[in-house]
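Enquirer: Put together the whole structure using the sequences plus the hints.
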Amino acid sequence: GQQVMQIPQYQHVQEGEDFTTYCNSSTTLSNIQWYKQRPGGHPVFLIQLVKSGEVKKQKRLTFQFGEAKKNSSLHITATQTTDVGTYFCAEITGFQKLVFGTGTRLLVSP
Amino acid sequence: NAGVTQTPKFQVLKTGQSMTLQCAQDMNHNSMYWYRQDPGMGLRLIYYSASEGTTDKGEVPNGYNVSRLNKREFSLRLESAAPSQTSVYFCASTAGNYGYTFGSGTRLTVV
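One line per chain: the protein sequences are V and U, in this order. Counting with this note's numbering, you get residues 1 to 110 for the letters of the first sequence. Counting with this note's numbering, you get residues 1 to 111 for the letters of the second sequence.
Possibly wrong hints are sitting among the right ones.
[As the list claims (entries may be wrong)] For lysine to aspartate or glutamate, the following DMTMM-like pairs were computed, each having C-alpha atoms within a straight-line distance of at most 25 Å:
1) V/K56 x V/D83
2) V/K36 x U/D38
3) V/K70 x U/E59
4) U/K57 x U/D26
5) V/K56 x V/E15
6) V/K36 x U/D26
7) V/K56 x V/E67
8) V/K97 x U/E73
9) U/K71 x U/D26
10) V/K70 x V/D18
11) V/K69 x U/E59
12) V/K97 x U/D38
13) V/K36 x U/E59
14) U/K9 x U/D38
15) V/K56 x V/E17
16) V/K97 x U/E59
17) V/K97 x U/D56
18) U/K71 x U/E52
19) V/K57 x V/E17
20) V/K36 x V/E17
21) U/K57 x U/D38
22) V/K57 x V/D18
23) V/K97 x U/D26
24) U/K9 x U/E79
25) V/K97 x U/E52
26) V/K70 x V/E54
The set of hints was computed from the structure by calculation and includes no laboratory data.
Expert: Shown next as structure tokens:
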């Protein structure tokens, strides 16, 4: 079946440091979505990437889709304690089903 | 507030008991989904409904049934709960080609 792997599984940073999570697939992705889940919360949609090489920004967050559409990344500049949570990438498959990556848990120390 | 509403938020069941998790959305979305999330793991699709009147199995359907009651409501039933079904269950909906809106989840423990 489809597998979307994320690395790292876990990262602990000091507030103000940058953070990057990577999403990799063995097959070409049609498109990719990113979600954030706060501890004890539910996933919240962040963004969708569709085009090869696409780059989108949301304030301190930068999302990229690889040229070959087999990988994606989320980069956070100057992390804040409010960035704490687990970040998931997900591929859209038939009938708008999402196949989620394994997630990267981010902890930010003040 | 517009969104996806799940009930109950917490539930403890004994092995063999049955229960139905309720989900309703008020965004007029066609597609609805049930996922489960286990510690340290991502979300796995149990069942989905691409449109009113249709349902289909996802990655982990065994032990579950669903009903798409109308466009708004999509319920998940555990006929005979097992400890392996201890998990957090999320319902989600989408209008299509955009992000999912998730409910706040049901934390289920089967003892």
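Enquirer: Straight-line Cα separation of V/K70 and U/E59 no greater than 25 Å?
Expert: At roughly 22 Å apart (the allowed maximum being 25 Å), U/E59 and V/K70 satisfy the hint.
Enquirer: Between the alpha carbons of V/K97 and U/E59, is the straight-line distance 25 Å or under?
Expert: Status holds; Cα separation ~10 Å.
Enquirer: For the pair supplied as a hint, V/K97 and U/D26, confirm whether the alpha-carbon distance does not exceed 25 Å.
Expert: holds (20 Å)
Enquirer: Under the criterion that the straight-line Cα-Cα distance not exceed 25 Å, is the pair V/K97, U/E52 satisfied?
Expert: Roughly 16 Å separates the two Cα atoms, so the pair holds.
Enquirer: Within 25 Å, alpha carbon to alpha carbon, are U/K9 and U/D38?
Expert: holds (16 Å)
Enquirer: Take a quick look at whether V/K56 and V/E15 sit within 25 Å of each other, Cα to Cα.
Expert: holds (23 Å)
Enquirer: Taking 25 Å as the top limit, are the C-alpha atoms of V/K36 and U/D26 close enough?
Expert: holds (22 Å)
Enquirer: Do the alpha carbons of V/K70 and V/E54 lie within 25 Å of each other, as the hint requires?
Expert: holds (12 Å)
Enquirer: Is the Cα-Cα distance between V/K97 and U/E73 25 Å or less?
Expert: Given pair V/K97, U/E73 holds - Cα atoms ~18 Å apart, limit 25 Å.
Enquirer: Are V/K56 and V/E17 close enough, with their CA atoms no more than 25 Å apart?
Expert: holds (20 Å)
Enquirer: Mind checking the alpha carbons of V/K56 and V/D83 for me, to see if they're no more than 25 Å apart?
Expert: holds (18 Å)
Enquirer: Verify the proposed pairing of V/K57 with V/D18, using a straight-line Cα cut of 25 Å.
Expert: holds (15 Å)
Taken one by one, the earlier hints all hold for this structure without exception.
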